[in-house]
Each structure stands twice: as structure tokens, then as C-alpha cells.
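Engineer: Residue 75 in the numbering used here sits at position 75 of the sequence shown; the count goes up by one each step and never skips.
Treat the hints loosely; a few may be bogus.
Listed below are the simulated DSS-like cross-link pairs for lysine-lysine, each with C-alpha atoms no more than 25 Å apart in a straight line [unchecked claim]:
hint, residue 1, residue 2
1, Lys20, Lys73
2, Lys67, Lys20
3, Lys75, Lys20
4, Lys20, Lys150
5, Lys150, Lys75
Label-pair ranges, simulated between beta-carbon atoms [said to hold, decoys possible]:
hint, residue 1, residue 2, range
6, Asp137, Val48, 12 to 22 Å
7, Glu45, Thr102, 22 to 32 Å
8, Asn51, Ser86, 15 to 25 Å
9, Asn51, Tyr13, 31 to 41 Å
10, Gly7, Ser57, 25 to 35 Å
11, Lys73, Asp4, 32 to 42 Å
12, Ala19, Cys148, 14 to 24 Å
13, Gly37, Asp71, 32 to 42 Å
None of these hints come from the bench; they were simulated from the model.
The C-beta atom is built at its ideal place from N, Cα and C for all residues, glycine as well.
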Amino acid sequence: MNCDVAGSICNEYDPDNCAKYGRLYNRATATSVCHSGWHLPSKDEWDVLVNFAGGASTAGTKLKATKGWNDYKGKSGNGTDEYGFSALPGGFSGGSFSQVGTQGHWWSSSEVSGSLSMGGGNYALHIGNNSDGVNFDIEGIPLYSVRCVKD
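Work out the full structure: start from the sequences and follow the hints.
Structural biologist: Below, the structure written as C-alpha cells:
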């Protein structure tokens, strides 16, 4: 998603990164940025996708785009994009920019209260160039990517 709204930025403040990967959004903006008729997926909705794509240990490869991911230790970081999800590694920002080209993080709408010293957070899907799988982080501060699901 690449909606230029308050609470969003281009990774490394580079418009080319927005054009390629989309914008990064803070948690509050992520929960409201999807257009009418669409919504930020819950963790349960992300779980449906991950399970459909073969489970957490292999879903990353099947969801990653076929190009755009940096290599890792001589092995391609790209995926097979079996389902047209075309995940790209937009990185994140947690005060400084990080991992563009190597990691993708996408917000969920599911809150986890009391799990962070900051008073809670949201689940976020994580895919890396160094793994075939996916995992979920619990975050409250970083700026991550957004994918919306049709209502």
C-alpha cells in the first residue's frame, strides 16, 4: 500500500522505495489507512493465508515475490509467488531505517494487551530473505507495511 498520509513514510525517505515497496505506517495509521470496503487483516486472517500457503515453515517462499528480495549467503531470497501475493521486503523503521530488501513486516489489526513495556502491541507478519517460513512479531512502535483485505 502506498497512501501518503500522516503517520506514514518512505523507507530511508526515498520515494523510489515507496514506489517499489509501498509506504511504512505507524500502528495507529495502519489500523485506519485501508480504503472503504477493505480492512487491515487480523492475526486470524493472516493465519488463514499462512496455513493455506502450507504453514509457517514454508509460507514465506510461497508468498514472496519472484524478484526484489536480496540474496542471503549466496542463496536467492526471492520466492515462488505461488498465490499472487507478491510480498516485497519493504523493511521497517523503529527510529532508524532497517532491512529494506531483506525483510518484510505487515501489520495486523489484532492487539495483544500488556505484551510490551509500552502497554501492548499488535501482531505483525514477518517474512525474511533468509528463511522459507514466516513468523509473527508483537510490536507497538515500528513503522511497518500494510496489506488490506476486502470486506
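Engineer: Take the C-alpha atoms of Lys20 and Lys150, compute the straight-line distance between them, and say whether it is at most 25 Å.
Structural biologist: With a Cα-Cα distance of about 22 Å, the restraint between Lys20 and Lys150 holds, given a limit of 25 Å.
Engineer: Given the hint that Lys150 pairs with Lys75, test it: the Cα-Cα distance must not exceed 25 Å.
Structural biologist: violated (35 Å)
Engineer: Holds or violated: Lys67 and Lys20, Cα atoms, limit 25 Å.
Structural biologist: holds (11 Å)
Engineer: Per the hint of 15 to 25 Å, is the separation of the Cβ atoms of Asn51 and Ser86 within bounds?
Structural biologist: Holds, since Asn51 and Ser86 (Cβ atoms, about 19 Å apart) stay within the stated range.
Engineer: Please work out if Lys75 and Lys20 have their alpha carbons no farther apart than 25 Å.
Structural biologist: Roughly 22 Å separates the two Cα atoms, so the pair holds.
Engineer: A range of 14 to 24 Å was offered for this pair. Does it hold for the Cβ distance of Ala19 and Cys148?
Structural biologist: holds (18 Å)
Engineer: Kindly confirm whether 31 to 41 Å is satisfied by the beta carbon distance between Asn51 and Tyr13.
Structural biologist: For Tyr13 against Asn51, whose Cβ atoms are near 37 Å apart, the range 31 to 41 Å holds.
Engineer: Does the hinted range 25 to 35 Å hold for Gly7 and Ser57 at CB?
Structural biologist: Because 34 Å falls inside the window, the suggested range holds.
Engineer: Does 32 to 42 Å hold as the CB distance between Gly37 and Asp71, or does it fail?
Structural biologist: Hint holds: Cβ distance 38 Å, inside 32 to 42 Å.
Engineer: Return holds or violated for the Cβ distance of Lys73 and Asp4 against the range 32 to 42 Å.
Structural biologist: Holds, at about 36 Å.
Engineer: Does the Cβ-Cβ separation between Asp137 and Val48 fall within 12 to 22 Å?
Structural biologist: holds (19 Å)
Engineer: Given the hint of 22 to 32 Å, check if Glu45 and Thr102 actually sit that far apart at their C-beta atoms.
Structural biologist: Given a distance of about 25 Å, which is inside 22 to 32 Å, the answer is holds.
The structure does not agree with numbered hint 5 stated previously, though it agrees with all others.
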